[in-house]
Amino acid sequence: MAVVLVPVTAAYGVAAAAIATRHGAVHRSALTTTVELAAGWALIAVGLATWWRHPRRRLGPVAVLAGVAWLAPDFAGWQGGPGAVRTLALAATGLGAAAVAQIAMAGRGRPLLAGIWALTLAVALGRILAYDPFADPHCFTYCTHSPFVVGGGSRSMAVALDRIDAGLAVLIALVTAGAAASRRSRSFALPALLFACGWAVRTVALALAPGDDPRRPVLVASFAV
1 MAVVLVPVTA AYGVAAAAIA TRHGAVHRSA LTTTVELAAG WALIAVGLAT
51 WWRHPRRRLG PVAVLAGVAW LAPDFAGWQG GPGAVRTLAL AATGLGAAAV
101 AQIAMAGRGR PLLAGIWALT LAVALGRILA YDPFADPHCF TYCTHSPFVV
151 GGGSRSMAVA LDRIDAGLAV LIALVTAGAA ASRRSRSFAL PALLFACGWA
201 VRTVALALAP GDDPRRPVLV ASFAV
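Each residue of the sequence shown is one higher than the one before, counting from 1 in our numbering.
Derived from the structure by calculation, the hints contain no laboratory data.
Be a bit skeptical, because a hint or two may be false.
[To be verified] Listed next, with one range per pair, are the computed distances between beta-carbon atoms:
(1) 190 <-> 118: 23 to 31 Å
(2) 121 <-> 151: 15 to 23 Å
(3) 107 <-> 194: 32 to 40 Å
(4) 38 <-> 7: 12 to 20 Å
(5) 181 <-> 85: 16 to 24 Å
(6) 156 <-> 55: 24 to 32 Å
(7) 49 <-> 134: 20 to 28 Å
(8) 56 <-> 121: 35 to 43 Å
(9) 38 <-> 4: 20 to 28 Å
(10) 160 <-> 35: 30 to 38 Å
(11) 7 <-> 79: 34 to 42 Å
(12) 160 <-> 82: 23 to 31 Å
(13) 108 <-> 49: 20 to 28 Å
Backbone N, C-alpha and C define an ideal beta-carbon position, used for all residues, glycine too.
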């Protein structure tokens with residue numbers, strides 16, 4: 001499976017970079033796109049290599065998922081792109097944080113990880129079925145009708161999802177910080193902690209002041225981390 005996914009994930013990265021450069025909500029420099037693509041491909045490459053060498057370990061597939069989720073915002077921000085693709089990409093964006101937490105924990109704290117994954121999947125499902133970005137006055141990047149939304153969606157649901165996501169992100173940051181303090185998994189946890197902190201800053205900022213314009217200073221800073 002790992003070998004089969006090599007060309008698929010390579011094409012996925014190229015498509016994400018092309019969409020971000022040509023059809024993004026705001027202008028993206030070549031350097032920014034290159035750095036983002038390199039980070040996503042690095043995660044995917046490490047995951048595929050681990051998956052191939054240790055097919056029974058979950059670390060490989062989880063790292064691949066983290067890389068795929070890292071590039072998902074490019075598809076969510078695809079101006080003029082299919083609504084189904086953009087909605088699914090928006091839902092997939094948060095999966096990366098849960099994947100990073102699992103990598104940092106290195107097989108420990110399974111009940112806690114199960115709870116993190118349950119909340120993450122619940123938020124993702126909520127964004128697919130109960131949130132219509134086009135009806136959200138604060139939407140900027142992914143403002144398109146969702147073909148999956150049930151009942152037209154509501155602003156109150158968007159607020160609730162943002163707050164749950166923010167609380168979950170803070171929990172993930174604390175979990176990865178605890179893992180980083182452990183010598184056993186520090187090599188994995190330190191990079192994960194940087195990502196988790198950046199993600200927590202982003203989600204808390206969106207929960208406190210809705211508006212996903214990527215030019216917002218706090219969002220620029222969280223991306224840089």
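*In ascending order, which of the hints set out earlier in this document are inconsistent with the structure?*
Numbers 3, 5, 6, 7, 8, 11 - these are the hints that the structure violates, sorted from lowest upward.
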